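Number of protein chains: 2
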Amino acid sequence: MSVLPKALNDLIYSFEGLPGVGPRTAERYAYYLVQNDKLISDKLINSLSKIHNSISFCPITFALIDSSQDISPLYADKSRDKKTIAVVSSPFDLLAIERIGTYKGTYHVLGGLVSPIDGIGPEQLHIEELIQRIDKDEVNEIILATNASVEGESTALYLNQAIGERNVKITRLARGLPIGVDLEYADQITLGRALDGRTIL
Amino acid sequence: MSVLPKALNDLIYSFEGLPGVGPRTAERYAYYLVQNDKLISDKLINSLSKIHNSISFCPITFALIDSSQDISPLYADKSRDKKTIAVVSSPFDLLAIERIGTYKGTYHVLGGLVSPIDGIGPEQLHIEELIQRIDKDEVNEIILATNASVEGESTALYLNQAIGERNVKITRLARGLPIGVDLEYADQITLGRALDGRTIL
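Same order as they appear, the protein sequences are chains A and B. Counting from 1, one number per residue, gives the positions in the first sequence under my numbering. Counting from 1, one number per residue, gives the positions in the second sequence under my numbering.
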């Protein structure tokens, strides 16, 4: 005999499918929705039902776009520099860079990072399309804006190789001390990178 | 100009309505669902759409039940001792006690805890119904299984008062050292309670 109603167990199980959601968190979400007005779960249902019909990927940059758009508005924007591409792993990394407010280039979303452990090879990422863009848009600079993780670094190395002999500057985000973090609390690798990358005052 | 498609922003906003979900977590959930097969979001939609029609509250214990049931199967079960009631705040506290596997009494779900700060007074909880049950089922023991928080303690105190002169033993869960926790890492209040509640070996 199950202690909880079947519909609740089903909902908990569905929530557990989301990344990083364990049984306790799933229970908490489910109970919140059961206890509260139907309007709240209806709103969630409504938003969920729209995503697969009204969200597409830009065929050039692979950013997420409204299905009503042909290409990403950031790429279509004439004021953005098409000769500079920031290469990111996910659309949210793009959002993070946009939030700075000063970047005027365009983006290329890889759709993941090279990770042999998860079975993700370079051919599953939008690398071929990036190479084509470099040639077509006569790109000067590729900014590798990947995470400072093992996967991020291997992807950056792979891209560096794949871009090869092309006459394009390849840069990557600076590694160093984050703003507001005390030197004594920084980890050794970060501190080492900050030392290696020291700049002239 | 929004960088993300509207449908995605809407979904992120809906997820942010869940307890403890901030913008980053909501983005992560939304992106996961966008990236993955429609089947996963359809399953979530399907589970969500059922909760308000097929889940009810037991009119006696206020546990969550299938709408097809009249009363909680735990209460209906003849082998459970109706003269012992564990009073819990939420249906998941009930689940936690059931998981021990040894409790043979019944439950009463209050539906929250007295919390003046959140505007929750005793009249919003199922306390009146608990008093009626005590009289009707000739209850011997009320186990106050509320959290060891300020709200949990005030609710326990209020219940103790409300139950009043009735000939019923009121107990509450022991406070003390959790299993597997080193004495030196226990906080002072827990350790103080463990000392006060020391038992004879």
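Please keep in mind that the hints were generated in silico from the structure rather than gathered at the bench. Check before you lean on any hint, since a few could be wrong.
All copies of an identical chain are treated as equivalent in the list; a pair is satisfied when it fits inside any one copy or across any two copies.
Derived BS3-like pairs: lysine-lysine, alpha-carbon spacing no greater than 25 Å straight-line [claimed, not checked]:
(1) Lys78 to Lys43
(2) Lys38 to Lys6
(3) Lys83 to Lys50
(4) Lys6 to Lys104
(5) Lys6 to Lys169
Here the structure is a predicted model, which is why all the values come from computation and not from measurement.
Tested hints:
Taking the shortest Cα distances, Lys78 and Lys43 never come within 25 Å of each other, neither inside one copy (36 Å) nor across copies (41 Å). Taking CA atoms no more than 25 Å apart as the test, Lys38 paired with Lys6 passes in both settings, with 18 Å inside one copy and 23 Å between copies. Taking identical chains as interchangeable, the C-alpha atoms of Lys83 and Lys50 are never at most 25 Å apart, the minima being 34 Å within one chain and 51 Å between chains. Taking identical chains as interchangeable, the C-alpha atoms of Lys6 and Lys104 lie at most 25 Å apart only when they sit on different chains, with a minimum of 22 Å there against 52 Å within one chain.
For a Cα distance limit of 25 Å, the shortest separation of Lys6 from Lys169 qualifies neither inside one copy, at 58 Å, nor across copies, at 35 Å.
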